[in-house]
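Engineer: Use the sequences and the hints to build the structure in full.
Take any residue in the sequence shown, count from 1 to its spot, add 4: that is its number in my numbering.
No lab work stands behind these hints: they were computed from the structure.
Don't take every hint at face value.
Stated by the list, open to error - In silico BS3-like cross-links for lysine-lysine, where the CA-CA straight-line distance does not exceed 25 Å: (1) K151 - K131; (2) K152 - K88; (3) K151 - K88; (4) K151 - K57; (5) K233 - K86; (6) K142 - K152; (7) K233 - K131; (8) K233 - K57; (9) K151 - K86.
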Amino acid sequence: MKDRPWFCTTLPPSEFRRPSAYTRKNGEVPIQTGATVTGFAEYTNCEENCLVKLDPDIPYEVGSALACGFISGFGAVINRCKVKMGDSVLVFGCGGVGLSAIQGARLCGSYPIVAIDLVDSKLTLAKRVGASHTFNPKYCDVTAEVKKLLGFGADHTIVATAGKNIKRQAIDMTAPYGQVCFIGHSTKEQEMLYDVSAMELLTGMRLTGSVMGVVTLRRDLPRYMQLYKAGLIDIDCMLTNRYSLEQINEAFENAEHGGALKNVVVIDPD
5 MKDRPWFCTT LPPSEFRRPS AYTRKNGEVP IQTGATVTGF AEYTNCEENC
55 LVKLDPDIPY EVGSALACGF ISGFGAVINR CKVKMGDSVL VFGCGGVGLS
105 AIQGARLCGS YPIVAIDLVD SKLTLAKRVG ASHTFNPKYC DVTAEVKKLL
155 GFGADHTIVA TAGKNIKRQA IDMTAPYGQV CFIGHSTKEQ EMLYDVSAME
205 LLTGMRLTGS VMGVVTLRRD LPRYMQLYKA GLIDIDCMLT NRYSLEQINE
255 AFENAEHGGA LKNVVVIDPD
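Structural biologist: The structure is reproduced here in structure tokens:
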């Protein structure tokens, strides 16, 4: 046992074939719990050892964001990259995951913390949660600006978005001894890492990835809840809109068109 629950290699093939009752309705009909999440369901069966108790002082909306998008960005900085005080951090993409990465960098004592996004309002929010510098590619050559600011490049580059050329840009903006961490989902056409030379890797640059922030939920979520209660992390600023279950299609449309950081579907318990 290596304490790496975020990297369970047997999960996908066994997800719907477990003998335990919690994957069955009345012991017969399979209950499909897509990605083990059962998102947007009013009820679900779950094994006790997979649960983390939500602090009663934390709203459900905050808890839902804390245990998904937040841990993906925050954990990538804290657990995967192991950012240290004084390290420079560059974040591509200022959605909920990217903003969470920025908050992780701030708590680590990073400087500068540089945020890149195409939406000005997201860059404004990035400043609010900890970015020291922001750049919009629509108005400047971000590679040149980052190199002017950081010299050799960033110690740590977090890629929290997808795009055909972003991976190559991230490598170009990272110091020869730094690391690039990919946490943004890509389409099949965007997956290729373009022109990564052996020389770039021989200098010590590391390319890595992070799944769900490399967290152990039962260990880490209680810590993150305490950070929230102490006002050290801001989740509320990322909760853009709230929808009822009947409005779920509107929520998806809004997210698809870039109109939201994090939409929350609220199911009335009554």
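Engineer: Within 25 Å, alpha carbon to alpha carbon, are K151 and K86?
Structural biologist: Within the cut-off at roughly 23 Å; holds.
Engineer: Next pair to validate is K152 with K88; report whether the Cα-Cα distance is within 25 Å.
Structural biologist: holds, 22 Å
Engineer: Are K151 and K57 close enough, with their CA atoms no more than 25 Å apart?
Structural biologist: Violated, at roughly 45 Å.
Engineer: For the pair supplied as a hint, K233 and K131, confirm whether the alpha-carbon distance does not exceed 25 Å.
Structural biologist: Holds: K233 and K131 sit about 21 Å apart, inside 25 Å.
Engineer: For K151 and K88, compute the direct alpha-carbon distance and say whether it is at most 25 Å.
Structural biologist: holds, 21 Å
Engineer: Within a Cα-Cα threshold of 25 Å, do K142 and K152 meet the stated pairing?
Structural biologist: holds, 18 Å
Engineer: Is it true that the CA of K233 sits at most 25 Å from the CA of K57?
Structural biologist: holds, 15 Å
Engineer: Can the restraint linking K233 and K86 be considered satisfied, given a maximum Cα separation of 25 Å?
Structural biologist: holds, 23 Å
Engineer: What's the verdict on K151 and K131, does the C-alpha distance respect the 25 Å limit or exceed it?
Structural biologist: Distance ~20 Å between K151 and K131 Cα, so the pair holds.
Consistency note: the structure conflicts with earlier hint 4 alone.
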